[in-house]
Amino acid sequence: MTARLSTLSPPPAPALDVGRLRADFPILETRPGGNALVYLDNAASSQMPRQVIDRLVRYQRSQHANIHRAVHTLSEIATAEYEEARRKLARFINAREEREVIFTSGTTEAINLAMHGYGRRFIGAGDEIILTTLEHHSNIVPWQMLAEEKGAKIRVVPISEAGELLIDEYENLFSERTKLVGVAHVSNALGSVNPIKQMIAFARARGVPVLVDGAQAVPHMKVDVQDLDCDFYAFSGHKLCGPTGIGILYGKAALLERMQPFKGGGDMILSVSFEKTTYNVIPQKFEAGTPPIAAAIGLGAAVDYLSGIGMEAIAVHEHNLLDYASAQLRRMKGVRIIGTAAHKAAVLSFALEGVHPHDVGTLLNQDGIAVRTGHHCAQPVMQRFKVPATSRASFAFYNTMAEVDALVAGIRNVQKVFS
Amino acid sequence: MADPKSLYQEVILDHNRKPRNYGELAQANHKAEGHNPLCGDHLNVALKLEGERIDAIAFQGESCAICKASASMMTASVKGKTRQDAEQMIQEFRDMATGTLETDKQAHHLGRLTVFAGVRDLPTRVKCAILPWHTLHAALNSIADTSTESENDPMHAPIGDA
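Note that the protein sequences, when read in sequence, are chains A and B.
Taken in order, the first sequence gives residues 1 to 419; the numbers are from our numbering.
Taken in order, the second sequence gives residues 1001 to 1162; the numbers are from our numbering.
BS3-like, lysine-lysine: derived pairs with alpha carbons at most 30 Å apart:
| id | chain 1 | residue 1 | chain 2 | residue 2 |
| --- | --- | --- | --- | --- |
| 1 | B | Lys-1018 | A | Lys-416 |
| 2 | B | Lys-1018 | A | Lys-333 |
| 3 | A | Lys-88 | A | Lys-252 |
| 4 | B | Lys-1018 | A | Lys-386 |
Derived by calculation from the structure, the hints in this document are not laboratory data.
Please build the complete structure, drawing on both the sequences and the hints.
Okay, here's the thing in structure tokens:
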């Protein structure tokens, strides 16, 4: 990669030994399409360190059997490792109890679980659900399906030109019929970090539970669900250096116990007869069928890896990357940063004057730079900013200042092609 | 694999900067709107059929450079052609973009439109190049609007003998 010297002040020294960390990620040494990889699509999916890859291999080679079933040793080992992964995840987000951590296939399924388990039982005709303009489609569509089924209403918190939630408007949306708030911790399209602690306190003072979509927050900052006092917190493994097909729904135990099951099947029952079935206790009540055991154990290894680095150090380095990249793009003519919230994490969405994001993405890819272009499954955000799509660079702790320079050089090249 | 850089050739960039036949067509008697919900691209194609002949054609819309240049070059190519000739070009363009027509080995009527052959190596961009042609097909057959994702997506239906 050719690092272009900046006339800005030199980038801050990394808070992490990034070179050493990069060596943990075999994929960063590959050359897809013949170029050195500059991977800036971490908000879509992060890469996996060899510590997690090795853990998956060790499980498959020597520990795999079905869990919670047989008396044989291998099944006991697999069950113990799976439940150990749950403990690790509970510690990682500081859940009060490990039974508050439900394994799902990802954030989308976690939100759908809350919708079916909580929403379909406790939300009825005329009730109201508060969402925000910043939500990913996965925190909009399930609630629309529920609203349509039950005759409930969805109220939407607007955002400012900077991409910040208008908190006065949020508070004004509450009524006696408000039954749930769904809010992203960090916007996937803009990177805005929402003031969820304040929003949760306001809702809970009115007896309204809050579901936080934490898919874009958990990889970038220390998350403490007890400190936040949220009722639900959903996130995915594959954005957290873990495998795909695994995610978490955290829920307060008292709430989870009152909810109805989402999927029916094996493992979620205590007894079954054709007259009556008794459901299992939490978390098993919500984990019907054989779960993705290897993926759960892999995710456990991923949070061990991240905790070893330290989420605080990760946050500092990623802020430095974002600040440096934002400063560079602000100086470039014909570049508009979309989303200028005071508090942002790891996401830089931008538009180039006269160039469609898909052309930006294709041309950057020719230089080995992987960014996301499109509506980011957040069409209400695109409508708010009156753009069909944006280009989005999103950072992880293994990205470097030189990669930011490569992005800037790549954008200059796009502008040159289209000049 | 062809060098994807060849996709952004000067002819494509030129048609993107200065699209031909861009705007409204007052005397149009066939129109269609095309959109690709995956990327937000949309365009309108309007044409005047005089008997079986495309007497006039225009397009407008918002899209990426590949889509806009494809639309611009398409309008220039089919103007004055018969409906039947246009349908054949639609078929050939689609086959070229999806890789089933090798323009350097098989006979075709695409002329300079072969600059778009490179999209076959960029699966996510194929629809950008094809959208104007879908929309032309819809306009010729007076389908009110078309989409690269709809159930009556011409991409999944035979083009040419509708």
